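Asks: One letter stands for each residue in the lines below.
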Amino acid sequence: MHPELKTKLGSLHTRNPILTASGCYGYGEEYSDVADAVHLGGIVTKSISPVRWYGNSPPRLAETGTGLINSIGLANVGADSFKTEIAPRLKSVNTKIIVSIAGKTIDDYELVVQKLEDANNIDGYELNISCPNVKEGGMAFSQNPSITEKLVKRVRKLTKRWIAAKLTPNVTKISEGALAAEAGGADAVSLINTLVGMAVDYRSRSPKIATITGGYSGPPVKPIALAKVWEVYNAVKIPIIGIGGITTWQDVLEFMIVGASAVQIGTALFTDPQLPEKINKRLIQYLEEEEIGAICEIIGTLRTDRPYNLGVPG
Amino acid sequence: MHPELKTKLGSLHTRNPILTASGCYGYGEEYSDVADAVHLGGIVTKSISPVRWYGNSPPRLAETGTGLINSIGLANVGADSFKTEIAPRLKSVNTKIIVSIAGKTIDDYELVVQKLEDANNIDGYELNISCPNVKEGGMAFSQNPSITEKLVKRVRKLTKRWIAAKLTPNVTKISEGALAAEAGGADAVSLINTLVGMAVDYRSRSPKIATITGGYSGPPVKPIALAKVWEVYNAVKIPIIGIGGITTWQDVLEFMIVGASAVQIGTALFTDPQLPEKINKRLIQYLEEEEIGAICEIIGTLRTDRPYNLGVPG
Amino acid sequence: MKFIDNARVIRNHKIRQDIHSMWLESPLICQNSSPGQFVHLRVNNSFSPLLRRPLSIGRVHGNELELVWRIVGKGTEILAEAKEGESVDLLGPLGKPYSISEHLETAILVAGGLGLPPLTYLYEKLIAAGVKTQLLLGVLNENSIPLSDKDPLFGSILITSEEGELFRRGLVTEPVIDSLQNLENNGGIGKTSLYSCGPWGLIKALKKIVPHMKLLSAEVSLEQQMGCGIGICQGCAVPTEDDNDPFQLVCKDGPVFPLNEVRIPDAS
Amino acid sequence: MKFIDNARVIRNHKIRQDIHSMWLESPLICQNSSPGQFVHLRVNNSFSPLLRRPLSIGRVHGNELELVWRIVGKGTEILAEAKEGESVDLLGPLGKPYSISEHLETAILVAGGLGLPPLTYLYEKLIAAGVKTQLLLGVLNENSIPLSDKDPLFGSILITSEEGELFRRGLVTEPVIDSLQNLENNGGIGKTSLYSCGPWGLIKALKKIVPHMKLLSAEVSLEQQMGCGIGICQGCAVPTEDDNDPFQLVCKDGPVFPLNEVRIPDAS
Ligand SMILES: Cc1cc2nc3c(=O)[nH]c(=O)nc-3n(C[C@H](O)[C@H](O)[C@H](O)COP(=O)(O)OP(=O)(O)OC[C@H]3O[C@@H](n4cnc5c(N)ncnc54)[C@H](O)[C@@H]3O)c2cc1C
Ligand SMILES: Cc1cc2nc3c(=O)[nH]c(=O)nc-3n(C[C@H](O)[C@H](O)[C@H](O)COP(=O)(O)OP(=O)(O)OC[C@H]3O[C@@H](n4cnc5c(N)ncnc54)[C@H](O)[C@@H]3O)c2cc1C
Ligand SMILES: Cc1cc2nc3c(=O)[nH]c(=O)nc-3n(C[C@H](O)[C@H](O)[C@H](O)COP(=O)(O)O)c2cc1C
Ligand SMILES: Cc1cc2nc3c(=O)[nH]c(=O)nc-3n(C[C@H](O)[C@H](O)[C@H](O)COP(=O)(O)O)c2cc1C
Ligand code: FES
Ligand code: FES
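Read top to bottom, the protein sequences are chains G, V, W and F. Under our numbering, think of the first position of the first sequence as 1, with each following residue one higher. Under our numbering, think of the first position of the second sequence as 1, with each following residue one higher. Under our numbering, think of the first position of the third sequence as 1, with each following residue one higher. Under our numbering, think of the first position of the fourth sequence as 1, with each following residue one higher.
It should be emphasised that the hints constitute simulated quantities derived from the structure, not laboratory data. In this text the structure is predicted, and so the values were computed from the model without any measurement. A hint or two may mislead.
Claimed, not checked - Derived DEER-like restraints, expressed as beta-carbon distance ranges:
id	chain 1	residue 1	chain 2	residue 2	range
1	F	Ser46	W	Ser87	22 to 30 Å
2	F	Ile264	V	Ala119	39 to 47 Å
3	W	Ser87	G	Lys160	48 to 56 Å
4	G	Glu289	V	Glu85	48 to 56 Å
Glycine included, every Cβ here is placed at the ideal spot set by N, Cα and C.
All chains should be modelled from the sequences, with the hints used to inform the complete structure.
Replies: Structure, rendered in structure tokens:
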């Protein structure tokens with residue numbers, strides 16, 4: 001028997017648990033030369049704002065250790081171009097398309113949804129209320145649970161489409177934001193967006209990115225992301241999409257074990273756009289070896305019953 | 001001319017900017033076989049509680065990527081043993097000794113200070129109000145600025161010794177905690193303590209440490225720590241001790257450039273107890289090459305005046 | 001069309017202290033590339049280093065392409081250890097190449113240090129197309145020439161060096177000015193293009209010289225920290241002088257830009 | 001006294017698939033160590049991997065000591081690449097060694113797989129001291145014997161293997177029981193010590209057998225994830241059966257513990 005990779009995020013069903021994270025796969029088509037979307041559970045687009053945003057001053061990226069700091073500042077084509085030029089072509093992208101939405105005000109989010117409601121080839125929205133690289137809105141929204149709830153509620157009223165709220169880890173208690181998103185009517189929560197981070201060039205005594213601080217992502221954030229997913233899993237009932245530092249099939253299992261129903265891969269795609277396909281192959285193999293019929297069976301199965309669980313010696 | 005490594009943390013003057021972080025150098029003597037304290041700006045002891053604490057169930061450590069997750073749970077000998085057995089011997093440890101203090105209640109912190117006030121060989125206290133690995137107190141104190149202020153104030157009343165408050169990065173805005181510590185009368189703030197992190201063994205589906213989540217430290221946290229120091233530097237007037245992921249002399253410069261008056265090295269000491277000595281040598285060399293007379297001159301000298309500071313090509 | 005190709009290492013050797021040259025077999029990339037484009041390569045199979053590294057496509061001979069790089073950090077260091085027969089994961093060809101006008105008669109190629117590789121590719125292509133082409137290289141000293149003395153191309157390059165006695169002493173901009181002035185005097189300037197790749201100092205200098213000449217075109221190649229290398233992440237933006245379109249992407253709109261559109265960074 | 005010593009690699013070779021042996025020159029550590037102790041070593045000069053790796057001190061010959069390890073992850077893998085003449089940064093000797101009573105007449109050494117190295121050291125020391133010593137090794141199959149067939153010591157070891165035909169088939173506990181019963185029958189059990197190092201399965205089995213025998217002592221060696229290796233970080237705690245002193249540190253109170261004080265983990 002072939003094990004199942006399918007997963008469910010409430011009303012959104014995906015063929016496998018691996019989605020691409022916003023900002024790391026363009027609007028859906030850009031990687032088509034080198035990777036086939038048929039291997040993806042879904043694509044979350046670059047965040048779309050009501051109008052075109054140009055983004056922050058360069059430099060916008062700094063590699064640090066095995067992580068990345070970015071300060072793109074949500075440079076994107078804007079909702080109108082997305083709707084008229086890009087969305088129609090997404091028909092040929094064979095996977096679920098989730099449009100990420102960004103804004104400076106709650107009205108902005110409503111505006112984008114209103115613009116996109118009658119666009120085709122969209123399977124849902126992810127509300128990016130967690131970007132650390134914009135002066136207004138962004139991360140500040142998901143740092144405040146009452147704004148989170150209000151924002152999700154207002155978007156919820158405008159659409160029947162699936163909605164996820166994407167949360168920032170730069171908070172004291174992420175589960176409060178997750179509960180607020182749930183109360184607001186979100187179908188799922190996505191976490192984590194990037195951590196506020198900084199890199200300095202000691203020679204010139206300058207910040208390595210122009211905005212001084214930026215968003216930290218990649219393998220170093222994985223332990224933090226896992227802890228956040230676990231915290232949220234113990235607080236909400238809606239499904240969780242785990243994000244942060246995923247580069248291997250084992251990472252995917254870890255996120256699912258602590259409670260994620262699906263995951264998103266971000267930074268690692270720049271290095272290997274074919275990573276989702278490779279990971280899914282290995283997941284199938286693992287499920288076969290372990291005789292697990294469906295990957296969904298492992299969601300939230302962390303064993304917490306063994307206080308003295310000495311790992312070594314084998 | 002020989003450049004100066006001396007630094008000042010308010011009333012506490014140290015011969016160089018490198019202190020050892022709490023929990024990573026014992027009570028001061030343990031590394032004496034292999035490293036001479038004369039090379040240290042100071043030692044921050046393992047956190048001391050009113051009575052002996054045994055710590056958390058094992059496993060307590062997990063290496064993850066290039067980071068470490070720990071859940072020691074503040075295992076320590078307690079204030080009485082420290083005072084009678086250890087403190088007297090610290091006379092032979094040739095550097096400043098800062099006693100780190102931990103407690104479940106504010107009373108606990110007062111109790112430890114009261115017990116240690118007439119002990120010798122103590123140059124100051126660091127209030128650990130940021131440990132993520134204890135059920136009561138710990139991190140929760142510095143997640144709440146009003147508790148932070150109250151706690152520091154009450155300790156301030158009991159002692160004339162130098163006091164630093166050590167803050168958790170697991171908050172929405174660390175500068176609020178720093179301001180509270182300053183208002184409470186702290187001489188300095190130390191940051192960061194560890195980030196809440198988690199590691200999972202996908203095979204057994206168990207957490208790699210018994211408390212499920214623990215404190216994440218080491219090189220991966222450096223970008224986050226730098227951003228926190230920068231945030232606090234822009235908020236408070238008291239000196240800052242920068243902590244988090246330091247392994248090189250360049251790291252020390254980076255922390256000082258963003259506003260730290262001194263640093264602490266933690267996890268990296270396990271790998272190289274002689275690291276402070278090595279770093280100080282290289283710092284001297286750097287200052288010589290750059291013709292900088294004293295390391296203090298670089299504190300807070302981050303250049304923020306070059307929005308388009310393209311790093312490459314050279 | 002872009003490809004991810006596991007290209008076989010034909011040869012990987014040190015040219016000088018810290019400078020390496022590698023020939024790779026990649027029919028897909030060789031057959032689809034033009035001078036000025038680059039590859040974004042993975043130096044190993046792990047995610048440490050995290051990102052791919054961009055390197056200009058150097059000479060292309062049949063199905064083999066050359067990369068030449070200076071070791072500056074861990075990525076370029078690991079790459080220097082790749083053995084013959086091993087494979088290197090290349091994403092490419094990427095970016096916009098140098099543009100070659102149909103009216104082009106004379107080409108002046110100006111390299112600064114490690115800016116040479118894309119210009120050797122362009123040089124061979126232009127020579128083959130019958131364009132009168134001059135390749136100039138400015139280096140600090142002998143140790144920074146990114147080409148072996150024994151390379152057949154070596155003799156064709158006019159090298160200036162800021163230190164040392166072996167080559168014309170001075171900045172590469174001096175012979176550039178000479179050549180341009182000659183062309184202006186003999187009326188050829190209108191059918192001449194200038195192509196350059198090198199550090200900001202060189203670009204700045206060209207920005208001072210070129211506007212006074214009526215060249216067919218003048219293009220330079222830029223570098224910027226990259227994420228994706230293909231126009232997705234918006235990470236490699238550089239500012240333009242145009243407020244209505246304030247940024248361009250080095251990986252997609254460049255790395256080759258018209259010299260007059262390039263904005264010099266505030267810090268340099 | 002502990003030292004940090006840059007020990008010179010005398011020899012580093014593969015014994016079998018995934019199992020390596022290295023001889024290092026370290027007068028400081030050799031002259032101050034006893035069997036059962038370990039070194040905490042840095043596999044390279046970077047902080048990647050982050051931590052030192054603990055390895056038991058194997059045989060000590062003069063100023064040279066042996067390490068034997070299985071490649072399980074990045075640290076042990078990097079160590080396998082160390083070349084003759086290079087140096088490895090050792091922190092040691094660390095921990096409490098096996099205790100040797102002055103009344104000891106017979107010693108039974110029971111190794112499970114990679115538990116062998118500290119026991120070869122102990123074996124040679126006891127033999128030299130005139131103690132009747134038996135060294136037993138239990139392995140899964142031929143490929144997991146952490147000693148070369150050509151090693152002079154090879155013939156002195158009684159090997160049991162769970163698979164394969166070359167050695168006594170079965171668990172190492174069987175000959176252990178035989179030996180102990182013989183000693184009990186001939187009255188020697190009171191002057192016999194049992195020393196062991198191996199996986200939890202072995203420790204569990206010994207915990208069932210040993211309490212019924214009136215041995216002089218029975219000690220086993222434990223492993224735990226370590227930070228500092230010297231008793232500072234409190235990271236390597238293992239639980240005891242004693243509620244008033246619930247934890248002991250493998251690096252400082254161990255790695256050798258009296259068998260009766262060892263608590264078997266809940267999970268195993
Ligand atoms: C389009 C393009 C073409 C290039 N062609 C060449 C070439 O032909 N020969 C050559 O020697 N170099 C070339 N470079 C520069 C080369 O990419 C860097 O030297 C290399 O990435 C350094 O990697 P590292 O790991 O050794 O250094 P590290 O300093 O460890 O790199 C850290 C990070 O900074 C980035 N980085 C460092 N320097 C540069 C740089 N100058 N430009 C862009 N990113 C940088 C790295 O890619 C990496 O992400 C080119 C750069 C670009 C953008
Ligand atoms: C006192 C002591 C003596 C040891 N002696 C030997 C020996 O002689 N031969 C031998 O082959 N092995 C021995 N081990 C186990 C050895 O330390 C591990 O196999 C090794 O640390 C694995 O490192 P790695 O980087 O290859 O694996 P990774 O899995 O990449 O290591 C990740 C982390 O887990 C730790 N770790 C993994 N396995 C173990 C383990 N079994 N015990 C403790 N920490 C572990 C590593 O030190 C590292 O911090 C001993 C362990 C201890 C505690
Ligand atoms: C270059 C870059 C651009 C990003 N842009 C967005 C974005 O537009 N919207 C968003 O919600 N998240 C954005 N992110 C965050 C990622 O979607 C993801 O949450 C984060 O990077 C953590 O995952 P990772 O470690 O797998 O990259 C961006 C991340 C990077 C690195
Ligand atoms: C094993 C371990 C034990 C620690 N114990 C303490 C402690 O007792 N008190 C405290 O304030 N911080 C403690 N810390 C936190 C460190 O002092 C430091 O703040 C943190 O590790 C970040 O610095 P680093 O990345 O250099 O390790 C501990 C850290 C580790 C790794
Ligand atoms: S590197 Fe990603 S857009 Fe240029
Ligand atoms: S490893 Fe640090 S106390 Fe044992």
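Asks: Compare the structure with each hint and give your call.
Replies: Going down the list of hints, with the structure as the test:
no.: 1; hint: F/Ser46 / W/Ser87: 22 to 30 Å; verdict: holds (26 Å)
no.: 2; hint: F/Ile264 / V/Ala119: 39 to 47 Å; verdict: holds (41 Å)
no.: 3; hint: W/Ser87 / G/Lys160: 48 to 56 Å; verdict: holds (49 Å)
no.: 4; hint: G/Glu289 / V/Glu85: 48 to 56 Å; verdict: holds (54 Å)
Checked against the numbered hints listed earlier, the structure breaks none of them; every hint is satisfied.
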